[in-house]
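*Asks:* Listed below are the residues making up each chain.
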Amino acid sequence: MSKIVESLPNIPEVLPLDPAPQADPAVRVKPLITARNVNVFYGQKQALQNISLEVPANQVTALIGPSGCGKTTFLRCINRMNDLIDICRVEGSIEIGGQDIYHKDVDVVTLRAQVGMVFQKPNPFPKSIFENVAYGPRIHGLAASKAELQDIVEASLEKAGLLAEVHDRMNAPGTSLSGGQQQRLCIARTIAVEPKIILMDEPCSALDPIATARIEELIDELRENYTIIIVTHSMQQAARVSQRTAFFHMGELVEEGATEQIFTAPRDERTQSYITGRIG
Amino acid sequence: MTDDFTIIPTPHTRRRHKSELRFQWYGKAAIIAALGFLVLMIGSIGYKGVGVIYQTKIELDIQLNADAFDPAQLRKADFSGLVKTALRARFPDVKNRRQKRRLYGLVSSDAGFELRKMVEGNPNLIGSTIKIQLTASDDIDTFIKGKIDKNLPESDRRVKDVEINWIEKLQADNSVVQVFNTAFFTSGDSREPELAGILSALVGSFFTLLVCFLLSFPIGVLAAIYLEEFAPKNRWSDLIEININNLAAVPSIVFGLLGLTIFLNTFGLPRSSPLVGGMVLALMTIPTIIIASRASLRAVPPSIREAALSIGATRVQTTFHHVAPLALPGMLTGSIVGMAQALGETAPLIMIGMVAFIVDVPASILEPATALPVQIFLWADSPERAFVERTSAAIIVLLGFLVVMNLGAILLRKKFEQRF
Ligand SMILES: Nc1ncnc2c1ncn2[C@@H]1O[C@H](COP(=O)(O)OP(=O)(O)OP(=O)(O)O)[C@@H](O)[C@H]1O
Ligand SMILES: [Mg+2]
Numbered sequence: 001m002s003k004i005v006e007s008l009p010n011i012p013e014v015l016p017l018d019p020a021p022q023a024d025p026a027v028r029v030k031p032l033i034t035a036r037n038v039n040v041f042y043g044q045k046q047a048l049q050n051i052s053l054e055v056p057a058n059q060v061t062a063l064i065g066p067s068g069c070g071k072t073t074f075l076r077c078i079n080r081m082n083d084l085i086d087i088c089r090v091e092g093s094i095e096i097g098g099q100d101i102y103h104k105d106v107d108v109v110t111l112r113a114q115v116g117m118v119f120q121k122p123n124p125f126p127k128s129i130f131e132n133v134a135y136g137p138r139i140h141g142l143a144a145s146k147a148e149l150q151d152i153v154e155a156s157l158e159k160a161g162l163l164a165e166v167h168d169r170m171n172a173p174g175t176s177l178s179g180g181q182q183q184r185l186c187i188a189r190t191i192a193v194e195p196k197i198i199l200m201d202e203p204c205s206a207l208d209p210i211a212t213a214r215i216e217e218l219i220d221e222l223r224e225n226y227t228i229i230i231v232t233h234s235m236q237q238a239a240r241v242s243q244r245t246a247f248f249h250m251g252e253l254v255e256e257g258a259t260e261q262i263f264t265a266p267r268d269e270r271t272q273s274y275i276t277g278r279i280g
Numbered sequence: 001m002t003d004d005f006t007i008i009p010t011p012h013t014r015r016r017h018k019s020e021l022r023f024q025w026y027g028k029a030a031i032i033a034a035l036g037f038l039v040l041m042i043g044s045i046g047y048k049g050v051g052v053i054y055q056t057k058i059e060l061d062i063q064l065n066a067d068a069f070d071p072a073q074l075r076k077a078d079f080s081g082l083v084k085t086a087l088r089a090r091f092p093d094v095k096n097r098r099q100k101r102r103l104y105g106l107v108s109s110d111a112g113f114e115l116r117k118m119v120e121g122n123p124n125l126i127g128s129t130i131k132i133q134l135t136a137s138d139d140i141d142t143f144i145k146g147k148i149d150k151n152l153p154e155s156d157r158r159v160k161d162v163e164i165n166w167i168e169k170l171q172a173d174n175s176v177v178q179v180f181n182t183a184f185f186t187s188g189d190s191r192e193p194e195l196a197g198i199l200s201a202l203v204g205s206f207f208t209l210l211v212c213f214l215l216s217f218p219i220g221v222l223a224a225i226y227l228e229e230f231a232p233k234n235r236w237s238d239l240i241e242i243n244i245n246n247l248a249a250v251p252s253i254v255f256g257l258l259g260l261t262i263f264l265n266t267f268g269l270p271r272s273s274p275l276v277g278g279m280v281l282a283l284m285t286i287p288t289i290i291i292a293s294r295a296s297l298r299a300v301p302p303s304i305r306e307a308a309l310s311i312g313a314t315r316v317q318t319t320f321h322h323v324a325p326l327a328l329p330g331m332l333t334g335s336i337v338g339m340a341q342a343l344g345e346t347a348p349l350i351m352i353g354m355v356a357f358i359v360d361v362p363a364s365i366l367e368p369a370t371a372l373p374v375q376i377f378l379w380a381d382s383p384e385r386a387f388v389e390r391t392s393a394a395i396i397v398l399l400g401f402l403v404v405m406n407l408g409a410i411l412l413r414k415k416f417e418q419r420f
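These protein sequence lines map, in sequence, to chains Y and L. Residue 275 in the working numbering is what sits at position 275 of the first sequence, and the numbering runs on without skipping anything. Residue 156 in the working numbering is what sits at position 156 of the second sequence, and the numbering runs on without skipping anything.
Please note that a few of the clues may not be correct.
[Stated by the list, open to error] Straight-line alpha carbon distances no greater than 27 Å define the calculated DSSO-like cross-link-like pairs of lysine-lysine that follow:
id, chain 1, residue 1, chain 2, residue 2
1, L, LYS233, Y, LYS104
2, Y, LYS127, L, LYS414
3, L, LYS233, Y, LYS45
4, Y, LYS127, L, LYS100
Calculated directly from the structure, the hints in this document are not laboratory data. Everything numeric in this text was worked out from a predicted model, so none of it was measured.
Required output: the full structure, derived from the provided sequences and hints.
*Replies:* Next up, the structure:
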């Protein structure tokens, strides 16, 4: 465990400022993630245009915007998941804790261990529920013993609100769970490796209101120790869980600010239309 | 409004149903035709080859006079002389030399050896008269199995009237018997059809395929994993892909020539050995395995890779912990298909000398051996009537080998199959 953490750029664990839920937009928090002039291309097609965004630590930042506007694309830039797409090209810089993650010396494996991701579609491994969660801690050597691993797995499942439903069938395949359960399993898998940052791509799109409420509660709890960026199509959810909101439209970052401000007093007309349901 | 609702199909819908029905009939006809050919082929081979299960034996009383044996050197005794004496005693009225030669030809040239084995196994028999079943010669065997027409003019058949006469006499006192043909399953090739067996070719094929699998599976799978999961996709990888596809289409005899010039002449590896045969077959199997393995790797959903990578697995971990296990059943299927092709290959093995006349069952991959398809080729080329039967029987053994391999593949696939 220690090796991986040590080799990571020094991400500040405790941030100097403002843990208050609804940050005053006037108060400048030292950002954990800073994107500057990010352009993303899929082949010839430009998916993101000149995105500059600062994401403060220990807060929840919501990305909203109509379908196809580039939310997932932006999210995948932050853990360099776009490296996997051959035709994808990222320009500009993204810094985490002051270190450029696109620098040629950066080790993506270490980066991704610190920047976890929950995908839009649940993608559990075709292995047992236990294995799904245990895999990350095991490859990173987070558990010294079997018992410790068991503890990590159970704690992660508990946090993701899934333990009660699966504790008696930990050896059942992860793919045998319902869609919503699979998504919570994926969340448990992500938090089991204790990343600093969690990227969530519409984590609740397959969940019922009760499970959604549980995930939102979880996000609220996680905020103490993690920095979270969440993509959501639900305005209510963005309003409920996030402290800051960024509105994307057609590959551009239209507006970004404290959630309260975006929802009550948007500066841009497009934001106004989107949140009131006129475009999207 | 409710009048609009009708479930009576319109003429247009009926036409669509008809075309569907017609298509189903075409499909069924195609399957029936394919099955028909298969049944015809296997049936005719089976019909021709099934006779090999039995071998005709001729029962003779043989006097083992003590003075014919030197107890210290049993081997040296004239066993075939004893057999001949017994035959003459059975048919005392045969006088002239040509007739005698025919008479001795009733039993296989190995009859003396069979007698020796019996006496060596139990020396106490010396001094008594024993009853022994001696292998009949191939022509007699063929005749007994009813595959020589008695009504042909005598000059057109290999079994003459005198011989038929003798056999009928032997049959009359139940001295002609049909027993299970152990020789066919336990011995190697022979010039005499009644003594020729499949075992050395079977073992040769097994060793050859073993070498082929041990070389081509790891190389093919690793190459596929590297190309699919690690290599950058650019002009070079395209070029490699095209070349692999071309390689898969190269006629097998070319690989045989390559093996001849490189493995035999340059490296000096043992000629006719399953080692070289397996290496040559591996050359032609590798492209097949690479292509099949890449296809099954590509079928693994990218979301599995993303899941592993996103929690900080390295690419090697992602590949070997998650992607390769999911692709394994497909890789195995592809490999077995490749191996099945290799099993049937004749030309490249002939090029590297596996066409030799092999009597002994090979004990290792370095000893000279032949393979089933080559053995079939050799027997099919032999003039003796009895080899026709053996050729078909060898084909049945080859097909049986294939069926076993495919069953193995199905079992392995069942074992490793995981759903995603
Ligand atoms: N792998 C890819 N190859 C080519 N184009 C892509 C790829 N992924 C995304 N795009 C394009 O990039 C643009 C942004 O896609 P993205 O997935 O980021 O949208 P999104 O905001 O997440 O949408 P949604 O809300 O529907 O998930 C879209 O126009 C899409 O067609
Ligand atoms: Mg998306």
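*Asks:* Decide, hint by hint, whether the structure agrees.
*Replies:* Each hint tested on the structure:
1. LYS233(L) - LYS104(Y): 20 Å, holds
2. LYS127(Y) - LYS414(L): 16 Å, holds
3. LYS233(L) - LYS45(Y): Within the cut-off at roughly 19 Å; holds.
4. LYS127(Y) - LYS100(L): 78 Å, violated
Going through the hint list in order, the structure does not satisfy hint 4, though it satisfies all others.
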